[in-house]
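**Student:** In the order they appear, the protein sequences are chains H and R. For the first sequence, position 130 matches number 130 in my numbering, and the numbering has no gaps at all. For the second sequence, position 121 matches number 121 in my numbering, and the numbering has no gaps at all.
Incorrect hints may have been included.
Calculated pairs, SDA-like style, for lysine to any residue (alpha carbon to alpha carbon, straight line, at most 25 Å) [stated by the list, open to error]:
1) K210(H) / I108(H)
2) K210(H) / L46(H)
3) K13(R) / D23(R)
4) K13(R) / P145(H)
5) K13(R) / A146(H)
6) K187(H) / P145(H)
7) K13(R) / L83(R)
8) K187(H) / P158(H)
9) K210(H) / A26(H)
10) K18(R) / A146(H)
11) K18(R) / R69(R)
12) K18(R) / I194(H)
13) K187(H) / R234(H)
14) K210(H) / S105(H)
15) K187(H) / F106(H)
16) K13(R) / H177(R)
17) K13(R) / L148(H)
18) K13(R) / P93(H)
19) K210(H) / V226(H)
20) K18(R) / P145(H)
21) K187(H) / N118(H)
22) K13(R) / E149(H)
23) K13(R) / L70(R)
24) K210(H) / R234(H)
Just a few of them, taken from the derived set where beta-carbon distance is under 10 Å, the chain R residues facing chain H [claimed, not checked]:
25) M52
26) P81
27) S84
28) D87
29) N88
30) L89
31) G169
32) R170
No wet-lab data here; the hints were simulated from the structure. For glycine and all other residues, C-beta sits at the position ideal for the given N, C-alpha and C.
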Amino acid sequence: MSPESGRVRWWAAAFWLAVWQAGSMALGSALLLPSPLHVLARLAALGAAASFRRAVVLSASRIAGGFLLALTAGVGLAALSCRWRRAEELLSPAMLAIRSVPVASFTILALLWVSARNLSVLITFLMALPVLYAGAIRGLRAADPALLEMGRVFRLSPLRRLRFLRLPALWPHLSAACAVSMGLSWKAGTAAEIIGIPAGSLGERMQQAKVYLDTADLFACTLAVVVLSLCFERGAVRLLRLGERLFRGV
Amino acid sequence: MSLEDIVICRLCKSYGGKMVLEDFDARLTAGAVTCLMAPSGWGKTTLLRILMGLTEADSGTVTGLAGRRLSAVFQEDRLCPCLSPADNLRLTAPGLTAVGAREALGTMGLAQWADAPLSHLSGGMRRRVAILRALTAPYDVLLLDEPYRGLDGETKALAIAETLRRREGRTVLAVTHDPEEAKALGAAETIVCGQRGRSARDF
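The shape of chain R in the complex, shown without the other chains (with noise of 0.2 Å):
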């Protein structure tokens, strides 16, 4: 499938009347890493649930997506509980073998945990296994929703780097808190929205 940026143009949600993303305009760059920062409860996450295609916008429009296969991270793990970790990559993507899995999650220091049960890991090593899911998993765009939460200072760079590595040039739209993770992500562009302002500015 060619390139093509992804278009989010004045994209407005509301929940029980309450406006929670407003004129939101955004170009996310074909094949580049596009950064989103904005304070809690902004509209992040429903920005994100409406490019998963999970919550129907009020009004706008979103192009560049048609056809286009997706991955993504949660702000929650969402993980298969009664798989293992190597079972819960080869769900999603299905051309893994069992030994691909082993060795994808032996990157982020989990081979040894591949066949555990998932009850029996910390909520960090669930995190990675949940960033490794999508990462492995058959897509062309990702989309990552605070996705190093919880993770300490080592482990986080780990996960950055096995991002940027299995990237391989693909759209990625990742929202964070945090400008160093943007940066080390090496962002084409990052989106900070204010407390105030509904829609996007550019910086």
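Bound conformation, chain H alone (with noise of 0.2 Å):
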């Protein structure tokens, strides 16, 4: 197993969680580093209360929102890019900026143009565009031209052409892109949400757990944003590998 391949082995969570406990119990206190049994018994409470799932369906759905508006903005701006060179150009320091501009400079910035309620929405897109924007012009380029001539010889329709040449090539970094971005929208969603605040989302209680010292239902709160991004993630791979099987037949 490569260490890139990302997969985690249990004895090396397990391993992990002991350092945790370990740590937990040489502090010996709850309110600087609580114990993992504790935050799953914390989290465990909070997700059989209503209003903690309705912030989790809120939140989630604005982030996958932002993610998906960027998915399609970056694989059309691609696109773009891929057919006229002068679009790339001008795209290129756009996208640089994007890419530079820290989380919280452009969550407070956005605060200023758009609600609190929308602004996880607004933060993900932005933070996800440059890398899906990245992975489908690599993807786009990736296209054989020894094929993208056969097509032209054979006079394969646009359409057969898109699906069957330019897709397959597209396809595995479109899938990395999106597994990068998944995550990254989860991390700029969360953190635009804590600084935004917006009304009866997990970014609302992550703050007022910090003002009232809350260490526990903070950390439940950051358990419940991994598991949720990890399945988002694993949620997009496994829909783009479902997609893949489209250019398997004629």
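With the hints as a guide, bring both chains together as one complex.
**Tutor:** Structure (structure tokens):
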């Protein structure tokens, strides 16, 4: 198993949980570092509350919305960039700026333009866009020129060229970009919610937990975000793998 | 479409100052097989690419190709790696059914490989699929760039027989190094080009 594969071995996870437990026991204060069991118990208690589940749905839908917008725009802009070099040149500084500006700066700026309610959609969109755009450009350029020439000689329809010559090359690059940007989306979206504090969101709960020094709640919410992020990432990759079947038959 | 000869007149092409094709003249008789034999580096593939519309000539003209449907066997197989052999055939021949594709593959001993992943096929098998793709696609003019390269004697004979059976009186230009191959294809005309001369001489 290569380290890049990102797959977690149970023994490695157990080791780090043990380190966490040992740290918590050494500090002896749930305020500074609650134990893993304490956090799990708190997460279970939060999960039983309808308001927490609503917060999860609300945050997840906004982050997923921002991600889907970024995916659509990223692929569309990449197609334009591959078609017209000028479009790529025009977009290049914008993508560089978006990639370089810290999430917090964007969030504070964006609060001036949009309501806190829609903030995480915009921030997620902005953070995911450059990753998806770059992945889509790499994928579109990965199409085999020899196969594209074959398509021209045999007069394949534009739809067939797209489905059988372009998309199979695009897919692996887009899948990788989706996996990376999905994790990034949750990080950026949650950060935006913590700063913008939209009512009824996971970010608002985390902000409240910080204000009231409720460390166990803060850990539980963070754990919920991590789990949701992983589930979304796996879900996106699985959907993309299902999509791959589209290219397996004429 | 009425049959019309393809006339190539004073075709020139150079890459980076190096002349690849110089004042090439030829007439491809409509409905006949023409073979082009020339040494490596002569510009055979460049000529075919110009006829396919993939490369623009520096000067010269080609008449008789406008509106004609082309089909080709490239020097490389150029098969879609994500499709099975049968689906590779169906990709370029929209009217071909799955059964038809399997039957076509069967004529070259590939029926049992029809739905296999392309990566499971040997180089020779993939070559046969590429040949069949060119033969099953709808076309008026067939361009073959060393189509039987890498095939053993028996398979080559089978592939040539299938080419002739499926040609049905259409125009073919085949590039080859092998005089026996030209003979087996029943070429009406063989254009042999020497190492030095860039112009074609008909024999």
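**Student:** Each hint: holds or not?
**Tutor:** Going through the hints against the structure:
no. : hint              : verdict
1   : K210(H) / I108(H) : holds (19 Å)
2   : K210(H) / L46(H)  : holds (16 Å)
3   : K13(R) / D23(R)   : holds (9 Å)
4   : K13(R) / P145(H)  : holds (21 Å)
5   : K13(R) / A146(H)  : holds (20 Å)
6   : K187(H) / P145(H) : violated (38 Å)
7   : K13(R) / L83(R)   : violated (35 Å)
8   : K187(H) / P158(H) : violated (38 Å)
9   : K210(H) / A26(H)  : holds (22 Å)
10  : K18(R) / A146(H)  : holds (23 Å)
11  : K18(R) / R69(R)   : violated (31 Å)
12  : K18(R) / I194(H)  : violated (65 Å)
13  : K187(H) / R234(H) : holds (16 Å)
14  : K210(H) / S105(H) : holds (21 Å)
15  : K187(H) / F106(H) : holds (14 Å)
16  : K13(R) / H177(R)  : holds (22 Å)
17  : K13(R) / L148(H)  : holds (22 Å)
18  : K13(R) / P93(H)   : violated (40 Å)
19  : K210(H) / V226(H) : holds (18 Å)
20  : K18(R) / P145(H)  : holds (24 Å)
21  : K187(H) / N118(H) : holds (16 Å)
22  : K13(R) / E149(H)  : holds (19 Å)
23  : K13(R) / L70(R)   : holds (21 Å)
24  : K210(H) / R234(H) : violated (30 Å)
25  : M52               : holds (5 Å)
26  : P81               : holds (8 Å)
27  : S84               : holds (8 Å)
28  : D87               : holds (4 Å)
29  : N88               : holds (8 Å)
30  : L89               : holds (9 Å)
31  : G169              : violated (21 Å)
32  : R170              : violated (15 Å)
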